[in-house]
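For the sequence shown, counting from 1, position 105 maps to 105 in the UniProt record's numbering; every step adds exactly one.
To be clear, the hints were calculated from the coordinates, so they are not data collected in a lab. Positions of the beta carbon are idealized from the N, C-alpha and C atoms, including for glycine. Any given hint might turn out to be false.
Restraint ranges, calculated between C-beta atoms of paired labels, are given here [to be verified]:
no., residue 1, residue 2, range
1, Ala661, Ala57, 14 to 22 angstroms
2, Thr4, Pro569, 26 to 34 angstroms
3, Leu89, Asp164, 37 to 45 angstroms
4, Arg610, Glu157, 46 to 54 angstroms
5, Arg429, Ala57, 47 to 55 angstroms
6, Pro28, Ala182, 47 to 55 angstroms
7, Ile671, Ala182, 27 to 35 angstroms
8, Glu121, Leu89, 26 to 34 angstroms
Below, computed lysine-lysine pairings styled on DSS-like, alpha-carbon distance capped at 27 angstroms [to be verified]:
no., residue 1, residue 2
9, Lys148, Lys159
10, Lys529, Lys2
11, Lys727, Lys148
12, Lys299, Lys424
13, Lys148, Lys328
14, Lys624, Lys30
15, Lys91, Lys450
16, Lys43, Lys207
17, Lys727, Lys424
18, Lys299, Lys328
19, Lys232, Lys450
20, Lys207, Lys232
21, Lys207, Lys264
22, Lys650, Lys138
23, Lys148, Lys162
24, Lys159, Lys98
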Amino acid sequence: MKFTEPAGTNPIDRMTVVGRAQDRIDGPRKTTGTAAYAYEHHKEAPNAAYGWIIGAAVAKGRIRSMNLDDARGAPGVLAIVTANEAGPLGKGNFNTVKLLGGPDIDHYHQAVAIVVAESFEQARAAAGLVRIDYERGKGQYDLAEGLKSAPLTGGEEGKPGKEDRTGSFESAFTAAPVKLDATYTTPDHSHAMMEPFASIASWEGDKLTVWTSNQMIAWGHGDLAKTLGLPKEKVRLISPYVGGGFGGKLFLRADAVMAALGAKAAGRPVKVAMQRPLMANNATHRPATTQRIRIGATKDGAIQAIAHESGSGDLPGGGPETAVNQTKLLYAGPNRLTSMRLAVLNLPEGNAMRAPGEAPGMMALEIAMDEMAEKLGMDPVAFRVKNDTQVDPEKPERRFSQRQLVRCLEEGAQRFGWSQRNAKPAQVRDGRWLVGMGVASAFRNHMNMKSAARVTLGQDGRVLVETDMTDIGTGSYTIIAQTAAEMMGLPMDTVDVRLGDSDYPVSAGSGGQFGAANATAGVYAACVKLREAVAQRLGFNSADLTFADGQVTGGNRSVKLRDAASAGPLTAEDRIEFGTLDKTYQLSTFGAHFVEVGVDVYTGVTRLRRMLAVCAAGRILNPKAARSQMIGAMTMGVGSALMEELAVDKRFGFFVNHDLAGYEVPVHADIPHQEVIFLEEADDKANPMKAKGVGELGLCGVGAAVANAVYNATGVRIRDYPLTLEKHLDKLPAIA
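With the hints as constraints, model all of the structure from the sequences given.
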């Protein structure tokens, strides 16, 4: 199905199933422990051995020698695979460096071997007997130092990078009567998902099956085949349940590759769960940034010049953290400058983490907007409202398909009691607590991606949906069932959904806030084709039919839907493909975050008191699941604001706090009441579902809202995340 024109009225608009708060259909399996995650496919891969990955002990260098003798002779050991045993391997399209190191090492904890044994304990013990002699090389591990000579990004291949400009920023900034020029930093972040990277690999002859934890089946399937030098048809990837990914599981990782190599060497299935201390350095992370923001405005608050320059680092061949994305689109202003610089660092691979680009970019931009509002003597909400735009500021001919940012801000302010905020910082106390309120806009672009599905109407009247879309804890099973039920006029409990298998049609996958809207649009397309097949089988001459209550009705005739399959199941497969509407219109999602904090005047500790998010993100397919997505993202934003930071050892090039004891994330006790409001919206320019996404919108801006609230509470402006107590303790107001 081609989507080239705005969606007209269609069966989804009935919203008898879609748009309703439905319970998760996978919930009973997960709460009873019968949902099999990657490490738990015991029936499908019986008699599995256990693999233990050995990570490199240097960040850059070479392996001089490896002594495996003691390990090979240890109890229970079945096989040990290193780069020598594995032979030549490819590198996946989505991997920056190879997943099995040796003899050259690209980063700390890069996999260099797998030890396979009868038990987990035996594999772990034997791995400790492997003796590796390294030659340490010289690497670059300091972002600030690397950025001194880092080139601009954004140039065409083989050409230098460039700045993106509209108007004349420098002259407009110089002439502006009110100016801000400030630098903000965000640290490296770990995905820290609950389920580790885990896989079970099993060979049947030359065919490989891997049960793994992966967000994007098609990407992982192709890259695993390429890495192992196999035809894609010889590889099957299965991932029905994913215990969190946040972008870390978008790509093929070492667990899948090492499990496959280990299983081949051992001659039986092998299961690998990457040990927690390896995850931060072996896998990807959100790169640290240094961001300079300059804003020039008239005295009445109209932005005349805005510049956002960001720098980040990555391994050779990697890419930048695109922290300037939102600044291109969020606020008006005729004179604009954005740029990015990329330093080559020998730290582990930087790559996508929930809301890549906008998450750290909004952490800086939305503090800068508050600082500018204070310089102007304006309310922060009013300043943002004044600089709203309904067109792309760089391409004014391009309108936003839907943009309700002002309504999000104003309704949120009213709901939160913003009028009670004291604009002068450090004035409100509740006992020992300094109390403050903060606000930030929320923004995340919507992306259209091809997505396919297969739907089958069985003789029992049930509908089966198959697609390689994944469920990473977000509710994919449920919204896909809702879509098929709405399209076929059936109750949800007559729809079965199968996900996460490379044998199924290729979907958009889970990530980037694009999964829900695109995957359901693919199911919509397949159901349209199935409806046509039903009409033909039942002998309807008109395509103008109603599918409702298990009946197909056209004219004066009504037939049971299941009768269409009485002679045998009906199957239809199709995919959604997009035209140029996303070029004609800017497709984005918007919101506003409001936060109240208390800062202990004695200790400097910050505690959240209230949180509110107001969102405009297209049609909300399942308000219950969407709210869960939002509050999870808001919680993640609190972590980014107050505690999350990978500490870099700049001598030896690794993240020191590489486990959940040292890398702090919020727990339930850290999070107060969270309120989420979705504005009515149906974006007919986005897709037939008229939906976009909310999975990352809840993260984009909330960190800055916390930072702005801390400033309002204390009068101390912190521009370096996270906002830990030592950064303002000695500057807090006097206790007495």
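Point to revise | Holds or violated: Lys91 to Lys450, with C-alpha atoms at most 27 angstroms apart | key: Given that 27 angstroms is the threshold and the Cα spacing comes to 25 angstroms, the pair holds.
Practice item. Quickly compare the C-alpha distance for Lys299 and Lys424 to 27 angstroms and report which way the hint goes. Key: holds, 20 angstroms
**Study point:** Satisfaction of hint between Lys159 and Lys148, Cα-Cα up to 27 angstroms
**Key:** holds, 20 angstroms
Point to revise | Pair hint outcome, Lys299 versus Lys328 [Cα-Cα no greater than 27 angstroms] | key: holds, 23 angstroms
Review point. Given a hinted range of 47 to 55 angstroms, is it respected by the beta-carbon distance of Pro28 and Ala182?
Key: holds, 51 angstroms
Practice item. With a cut-off of 27 angstroms on the C-alpha distance, tell me whether Lys43 and Lys207 pass. Key: holds, 18 angstroms
Review point. That 26 to 34 angstroms hint for Thr4 and Pro569 (C-beta), does it hold up?
Key: holds, 31 angstroms
Practice item. Assess, step by step, whether the Cα of Lys529 is no farther than 27 angstroms from the Cα of Lys2, and give holds or violated. Key: holds, 13 angstroms
Practice item. Measure nothing beyond the straight line between the CA atoms of Lys727 and Lys148; if it is 27 angstroms or shorter, mark the hint as holding. Key: holds, 25 angstroms
Review point. Going straight from one Cα to the other, do Lys148 and Lys162 come out at no more than 27 angstroms?
Key: holds, 17 angstroms
Exercise for review: Decide if the proposed pair is consistent with the structure: Lys727 and Lys424, CA atoms, cutoff 27 angstroms inclusive.
Suggested key: holds, 20 angstroms
Check your understanding: CA of Lys159 to CA of Lys98, is that 27 angstroms or under?
Key -> holds, 26 angstroms
Of the numbered hints stated above, none is contradicted by the structure.
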